[in-house]
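S.K.: These protein sequence lines are chains A, B and C, in that order. FYI, the numbering for the first sequence is 1042 to 1292, going by our numbering. FYI, the numbering for the second sequence is 79 to 223, going by our numbering. FYI, the numbering for the third sequence is -7 to 98, going by our numbering.
Simulated from the structure, these hints should not be mistaken for laboratory data. What you were told as hints is all true, and nothing was included just to trick you.
The following residues of chain A were derived to be distant from chain C, with all beta-carbon distances above 10 angstroms:
{"hint": "1", "residue": "A1216"}
{"hint": "2", "residue": "I1225"}
{"hint": "3", "residue": "P1261"}
One side of the interface only, derived from the structure: several residues of chain B facing chain A at Cβ under 7 angstroms:
{"hint": "4", "residue": "N134"}
{"hint": "5", "residue": "N136"}
{"hint": "6", "residue": "P139"}
{"hint": "7", "residue": "T216"}
The beta-carbon is built from N, C-alpha and C at its ideal position, and this holds for glycine as well.
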Amino acid sequence: MRRVLLLALALQCLPAWAQERRSGFADMARETQAMQRDDAANPAMLWVQEGEAIWSRPAGPEGRSCASCHGAAEATMAGVAARYPAWDEASAAPIDLPGRIAQCREQRQHAPALARESQGLLSLAAFIGLQSRGMPLSPPADGRLQSTRALGEALYRQRRGQLDLSCAQCHDDNAGQRLAGSTIPQAHPTAYPLYRLEWQALGSLQRRLRGCMTGVRAEPFDYGAAEFIAIEAWLAERAAGMAVETPGVRP
Amino acid sequence: MTPRRLILAAPALLLLPPEPARASAEAMAEALRAFTGGAAVTAGRVALEISPLVENGNTVPLSVMVPSPMTQAEHIRAIAVFNERNPQPHVVTARFSRHSGQAMLATNIRLATSQTILAVAAFSDGSFWSDSAQVIVTLAACLEG
Amino acid sequence: MARVLINIPRNIRAGETFAIRTLIQHGMESGYRPDGAGGVLARDIITSFTASFDGEEVFAVDLSPAVAANPFITFTLRLQGSGTLRLRWRGDDGFDQSEIRQITVT
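Chain A with its partners taken away, still in its complex shape (with noise of 0.2 angstroms):
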């Protein structure tokens, strides 16, 4: 009976990651669910559409669109979400999945930037995040990427803000009580870009972590920031093997 009781302990001191990992999907209520299984009342699926008519339509000097090099995005695009964090050859550094699409936008479209958490770009995320639906978050096993992880764990575990918080405190160590009405959720990246219902908008997972910081008092960190990046490598990690869920729903 003692050794099932220290064993009980034991497993309650491990990380989130360690123990069995859950997506927020659990945590939230039974309508919101639905909403987000059902393609035709899940909202973020507006993006969607939105990101699957600027996929086709040309941009720039040259009147490319994102189709006339990439083809068809379900059959391109699948699995492409999941392994971002990437590394980034062209500025030899960590890059997202909406740094990328900005990237392509300027650079290989020579089309106007699309701007951190603009409509547009949202709307791309969201349309191809789409092709991973159901597919494992596999991040890419480039040890490139190593010192950008370990970075953002450091970020992840360093205490921050008037509330003096580390994301650890509450998603590790505490995820799964309370705060206030709300059940704290492990904070895994599966859903992203997602539909708030507190945002009643579609939003981005920097969106959600500069909302978190603000929440601890802190001073967020810049859209497109550094540090965005390696905390996204880092919970890429820390959920990979989970399923992607994009566009999904959140309270």
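We have chain A; now place chains B and C onto it with these hints.
M.R.: For chains B and C alone, kept in the frame of chain A given last:
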């Protein structure tokens, strides 16, 4: 009041919060009266479905269904949904036709706080029936500025 | 033009009740949100949704600021034959959008 006294009084006046627009039981009753024309409303025959515990008041799924043959002789003309504590008492008012098949409406609503929701159906025989639900609304733990 | 998603079932039989689900992209600014400068953001909502079949109104909803953003509306129909469905959303600031769909009834 001399101009100087008015200037001195101004900061105190600015401290008064503006009157918040707020529905109340009276406003809901008023809106209900406008829908029914003052006719009596009986609880029953209407099925209002809404979760009793809502995790975010911004988007709350709601559905109202009234069993009815929906024939020319016997049908539901309209369903109105009211709330008690949003800034104004109306939510939605739906009107049906001979092609409706069913008196049903489903949508997502906003709830400012925990409150009572009332669904009222206008029957073709001139009667009004209703269903109500008590909903507890929780907020997100960290509100974005 | 706001993005719209309309879900109409495939095999509709005459006389059988079926559901139509609609989603439209619209912020539904309630008119109660503070604008950060002491005032409120002006109301900008969809105020009405109507469905007409072959020109005859078959369903209508009046919306208020209490309807969530990106309005999701589900309603039912029972038809005897095929025809043209017109869905129309109207609202503040002259918002007026219609979508036409052919409904096939067997």
